[in-house]
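4 protein chains.
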Amino acid sequence: MTIRTVVWGENIHEQTNAVVRGIYPDGMHSTIAAALNAGDGIEATTATLQEPEHGLSVERLAGTDVLVWWGHKDHGAVADEVVERVARRVFEGMGLIVLHSGHFSKPFKRLMGTPCALKWREAGERERIWTVNPGHPIAAGLPESFVLENEEMYGEFFSVPEPLETVFISWFAGGEVFRSGLTWRRGAGNIFYFRPGHETYPTYQDANVQTVIRNAVKWAYNPMPAHIGVHDAPNVPVEQALEPITERGPKLHQSGEEGYK
Amino acid sequence: MTIRTVVWGENIHEQTNAVVRGIYPDGMHSTIAAALNAGDGIEATTATLQEPEHGLSVERLAGTDVLVWWGHKDHGAVADEVVERVARRVFEGMGLIVLHSGHFSKPFKRLMGTPCALKWREAGERERIWTVNPGHPIAAGLPESFVLENEEMYGEFFSVPEPLETVFISWFAGGEVFRSGLTWRRGAGNIFYFRPGHETYPTYQDANVQTVIRNAVKWAYNPMPAHIGVHDAPNVPVEQALEPITERGPKLHQSGEEGYK
Amino acid sequence: MTIRTVVWGENIHEQTNAVVRGIYPDGMHSTIAAALNAGDGIEATTATLQEPEHGLSVERLAGTDVLVWWGHKDHGAVADEVVERVARRVFEGMGLIVLHSGHFSKPFKRLMGTPCALKWREAGERERIWTVNPGHPIAAGLPESFVLENEEMYGEFFSVPEPLETVFISWFAGGEVFRSGLTWRRGAGNIFYFRPGHETYPTYQDANVQTVIRNAVKWAYNPMPAHIGVHDAPNVPVEQALEPITERGPKLHQSGEEGYK
Amino acid sequence: MTIRTVVWGENIHEQTNAVVRGIYPDGMHSTIAAALNAGDGIEATTATLQEPEHGLSVERLAGTDVLVWWGHKDHGAVADEVVERVARRVFEGMGLIVLHSGHFSKPFKRLMGTPCALKWREAGERERIWTVNPGHPIAAGLPESFVLENEEMYGEFFSVPEPLETVFISWFAGGEVFRSGLTWRRGAGNIFYFRPGHETYPTYQDANVQTVIRNAVKWAYNPMPAHIGVHDAPNVPVEQALEPITERGPKLHQSGEEGYK
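Chains as they are written, first to last, in my numbering: chain A, 20 to 280; chain B, 20 to 280; chain C, 20 to 280; chain D, 20 to 280.
Worth flagging that the hints you see were computed from the coordinates, not collected in a lab. Being a predicted model, the structure only gives us computed values, none of them experimental. Treat the hints loosely; a few may be bogus.
It does not matter which identical chain is meant; a pair holds if it fits inside one copy or across any two.
[Stated by the list, open to error] In silico SDA-like cross-links for lysine to any residue, where the CA-CA straight-line distance does not exceed 25 Å:
1. Lys-138 to Val-38
2. Lys-128 to Gly-74
3. Lys-237 to Thr-35
4. Lys-237 to Ser-274
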């Protein structure tokens, strides 16, 4: 049984910026997908902003167990309909891994319900990533800390909801800290945010970074059937109550009527 | 120092349904506001759907410490601009208390990022509300459980994010349970959802229910100045880094340029 | 790869009480272990209070991935040394499933750090268990609710720490509710408490209950190597600091000295 | 109404180490208590290891709203009976603020149920403390980060339970990070751990540190009556069930008998 994973890439700077193209000639999404395919149990394909429906049709998402998301330059170009489609699949149990500048992507903001803002500085400074939850599956096989010699700084306050668990915290040479690995569950879907990955540095070629993303895909995978009932607000008729009760008092709704939404 | 509280009421069934008008001749919002004003430390006014900007202008919200929300019949009539305005004030530190059918209100769904769906049955059955967190300030002065003899049933699964804390759980005569009192923080704002309050029953005249809402307003109140920085994603120039660092490597952004949103 | 599971049973009422012996002639632990062995991926053995070191020697625990605990009549008879041994293995990554009256067991109280008290009534009343977290792996394959026709009632307030996630909530015919399925992580170890299982009823022969325990063992299993470093508070010598720093100011400790514990 | 606060100091290095005595001639506890008394709403007194019952008699604790704890050199000298007494009062609603090396104190380990271990280095290096939860009352009035020029380093993994909320994270010049401000609730009691405060540096004379501790005392204060019921596991007789039920099936306990503990 393999985890059907789609790596979504915005795929803009790879085409417009020589530095980025030099590091990721086939696109960042391809590098990430290749890293996922290198291990057991994951079958990763890619999708990009430029494809019809951004490569995320209803059918494609229905067959996706985990979606990995990287975007930066043009979050606004993602169609609202696709954003809502992604959110619905997360509620049904699709895992979602949001990378780096994806903190401002529409699907992440939609699912967090908060600004998802942060401080930043693009100076190629040293980032040291610490595991603060060594028993968490996303930390498997990692050293207690590892270094990315050149990264963009992200600093607190990162305005996301208090996570289920904090897995990684970053130290930056310029003096900041950042909660770099955070988990949430929304509906039946597991969500993980992972900080590193500025496009002008070869971050996704780093072995530790690849391990984290691979672990995250496995952690986020929910093998249960899609929980499609999550969208419904069903009326339970009084005659089907689990304990026998008698209807009492005034009512707004006729029998069998739908609720207000 | 008083907590400036606005009780927002949809104010539809009070005008169109004789039963509801009989129980709440001045509107549910007026009954709730009166209960809040009966205690110390809270100064409650009301706002309704029918007022310009639903009574929630920028100025009004800027002077609101805690907003209480009840809506049911026509959630869709609330303007998206007002929803976003409410969300922004929550991020800045305004408290939000969402009551009963407000689970499907636009502001609540916006802030939770989830479907907020549930099961329901309108049969006037007995609800017993249990405190499962007796040290929480919202439970102050309450018995370990109390009864609402006639209420609409809400049943799990309630598709909201795992709360910070669970304060109340309801037992229903027909066999269901429901997490009836849940807390979250979003940005600098505290949010509390409280289940009871179907409009065909005199729930908001119940002394225990009034105690809960009064406690919740006090708990949600954040006396700090509005955290207006929560909306920003500021660039930190390298020459202003807290620790001296030297800029290295390629860059996407010119000095002083804004980030992509 | 199988999950090496030990089902620990107090094994007293099975010998002293005819009703319990009639339901569980080979002991409750044997019934539970058989249910675990009936599925794939788990290899369950048993241990009891009466064995030397209660069947939980250092060697046995070192080879245990998940420990399931049922006790009731004589919690005090469990040796403190064994309790501490169990706690250490949990911190290192061993999973722990605590059943029913095990809420007052020494290992559970040791790991929770709270009274773990609750209300109770032994009247053979109906319990209905609701899933409030349908995407959680422990809820896999279960209906949205299921009934145990005869069970002991446990009621709130259940004085345990706020859990990582609430998975099940029980409804009782006599009017109470109870958080029946709760998860925590302690060190590298996953802990799950599951409420049902009074010894005078055939609860552990129920298919849904067996599914929950089987799911819980799989969820609690941490495949990483034992995190033995969790017990240490190592000094990091200044000359081994990750960033070069110079020692400054007065010191309490000589170089290489251990910290105070 | 003032918050009756006791600042507990181990009071050893102040007497045996000239550096510490030079900084805190009246003891660290006196400096902390003075800082608490300088603001409104708190009335702080002190207690030390050397006093009878360590200054924490049953009567004294019964009249204590919040206890602040600093210990380091001789955690083992604290009597187990006093530790249990402190834990019981926390369950009943007394707040507890644990400072710095108090991470290894008996009351903290008792209440957390985990090793509470960490890495450390005594090199007088720079610590920068970041607020990662600016809406939390404990962060009121603080800048987004502040510096302690000379502090002992504490590094992750800090083996405590996942907190309710993370309020502060520290950056260290030598390359480590640490979750420096964490909250938990245990029973009806609020607990806050705050990292800074090595005795060879004047940390408790720092205005920001004093603000944090003052905020923490106010946050931890639970004005409700002591929740003495938290220690009980009462039997609910069947004839007093909230919903009428009939006793069924076999029983272990005679009517009115206590449960097993």
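Here is how each hint holds up against the structure:
no.	hint	verdict
1	Lys-138 to Val-38	within (24 Å within a copy, 40 Å between copies)
2	Lys-128 to Gly-74	within (20 Å within a copy, 27 Å between copies)
3	Lys-237 to Thr-35	neither (33 Å within a copy, 47 Å between copies)
4	Lys-237 to Ser-274	neither (45 Å within a copy, 39 Å between copies)
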